[in-house]
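Novice: Each chain is listed here by its residues.
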Amino acid sequence: MLSTINLSYQYAGAAAISFPDFTAEQGDHWLILGPSGSGKTTLLHLLGGLLSPTVGSVQLDHFNYSTISPAKLDKFRGENIGIVFQKAHAVQSLSVLENLLLTQQLGGKSLDKQKIMNLLERLQMGHKANQKPNRLSAGEQQRVAIARAVINQPRIILADEPTSALDDKNSDEVLRLLKESAETVKAILLVVTHDNRLKAAFHKQLLLK
Amino acid sequence: MSMNILRLSWKNILNKPLNLILNLVLFSLGVGLISLLLLVNVQLEEKFEKNFAGIDLVIGAKGSPLQLILSSLYHLDAPTGNMPVAEAKAFLNPKHPIFKAAIPLSLGDSHKGYRLVGTNAGFINLYQAEFEAGEVFKETMEVVVGATVAKNLGMNPGDTFKSSHGLIEDENLVHEDAAPFKVVGILKKTGSVIDQLLITKTQSIWAVHEEHDHEEEEHEEHNHEEEEHEEHNHEGEEHAHDSAATEEEMPLAFYEDQQITSLLVQFRGRNIQALNMARNINENTNFQAATPAIEINRLYTLLGVGEEALKALAMLIIFVSGLSIFISLFSSLRERKYELAVMRTLGAKPGFLFQLIIFEGVILAVLGFIFGIALSHGSMIFLADFLEKSYRYDFTAALFLKEEAYLFGGSLVIGIIAAIIPAFQASKTDIHATLADNKA
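Sequences listed follow chains A and B, in order.
Residue 1 is where the first sequence starts when you use the numbering used here, and the numbers rise one by one after that.
Residue 1 is where the second sequence starts when you use the numbering used here, and the numbers rise one by one after that.
Please keep in mind that the hints were generated in silico from the structure rather than gathered at the bench.
It is possible that some hints are incorrect.
In silico BS3-like cross-links for lysine-lysine, where the CA-CA straight-line distance does not exceed 30 Å [claimed, not checked]:
hint, chain 1, residue 1, chain 2, residue 2
1, B, K311, A, K128
2, A, K115, A, K87
3, A, K87, B, K337
4, B, K47, A, K128
5, B, K349, A, K72
6, B, K11, A, K75
7, B, K337, A, K113
Please model the entire structure based on the sequences and the hints provided.
Specialist: Here you go:
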């Protein structure tokens, strides 16, 4: 269970942004909607442990992000949290397969080429395993991003505007694959976006002003 | 297969081939230049040292003292002129109070580009040369051949040849009418100048030239003989008279109408008289006396200036290449900033990114070093070939110096220094700030 208590973040020289207390159970799929500037990315980064709150805390089960050292938090994140960004930003000098091997390595998991190939097949990317990221289309790159987010079977999958750079067809594809992958590992899925096309796919929604 | 930092750094470098080439060219140029200077210097010094051969003084015709040393000790350059035996007689006395030995040299002839030296057996002992085959010459027209000459010309005891006039290989200058030389001995390699020489008795050189000039000089000889008897009685050098040497003990001095090129002299002991000999000869005779150590030091000083300039150039190139590595890495950070931030989100610690960039710098430096060494040793092969053809001296490219190990260490250090600031920057990547501004 992922929960936030009294969460608030203040940027230098700006007003503090406060977030409503929030709880997500294992297996939940949440949509966090809001216009630009509403602090969606800030919330996502707080939930991913990429940012420390000015006030309040984030907890996964009984594990409080603020109570562990940055080094331990890096490790914790690698093992338990998968993030999909608006653009994949994969390592340019490595192939898709190598990018995923690196992800396993950084997540402290054993290197398992077969496991990666199985996942890529499910995402219809098997034939692109040896390609470098700059040879892939935007939709294909996002599928790599999804693969990267789920390969280590994380407890939480966070997605920051995963479909905003894609056309309708690819957007549908990516959303479907995201939900399927989350379901397969029973992860909490949190999608943060301003893209209204996604509203129909989620029961649980959080609106930010 | 593990996806570790080294592998990742390597892939990153290969991913930017133009950068890689630029850095390699610059770095290898700097390293290569220093390595080449070292290779040449070490061998040059070794040759200078080995060829001193315990000679304290060289006496020859008046002219440039450096030229005298170069021609008579190092067998480079042309001789300064000739010494009439009649005037040099006193120096040739084996009972000379100051000179332990005075070895005569007759220079000016050659065989297929290798210099032929007319002298005595003492010359061979100067270089502590041993015989690979055969033995020392006894009769006129017998020749002992140095190791390099024997190898390059494929010579063996028993071979015969005719010598050439002058020091350059020219078919037209072979002494066709003269008697042929016969090889009686081959020397082992010494690493000194004797390897590249053919050695024979002084009388052989005279014999070859006499046949040439025989007709012209025939009628002149009669006049000469009369004059020589008179001069012999009035000979001025005190030392010769005091020791009352006879003609049997100084066979060369018997040939008063002949000439030699120079004398290699060893002192009996280092005393005031010995040290004054050089000045005495320069001021009071028709000859000059040059001290090898002094002239070679002067040469070193001249060469040294050139060497310092090249060294400075090499340092500059290495500095620029270090700068180039720094700039490559630094600008690559900007291109990779999202990729680096994402790696942090995957679980990479700041130290991981730090090490990554450091490794990239080190790999570039190490590759540059390897190519630089290959470049310098490759160039040395061509340079050695050129030096062999021009000066007959033997240089090698297959020499690996401990200084090159220091050069490797230096390259590592430069790679690390060039990478430190970018590495630090990378490790300080602010994940949130970098990824939050990523709104297409």
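Novice: The structure should be examined with respect to each hint, and the outcome stated for every one.
Specialist: Here is how each hint holds up against the structure:
1. K311(B) to K128(A): Judged against 30 Å, a Cα distance of about 52 Å means the pair is violated.
2. K115(A) to K87(A): holds (24 Å)
3. K87(A) to K337(B): holds (13 Å)
4. K47(B) to K128(A): The hint is violated at about 64 Å.
5. K349(B) to K72(A): Satisfied, since the Cα-Cα distance of roughly 9 Å is no more than 30 Å.
6. K11(B) to K75(A): holds (24 Å)
7. K337(B) to K113(A): OK: K337(B) and K113(A) at ~27 Å, within 30 Å.
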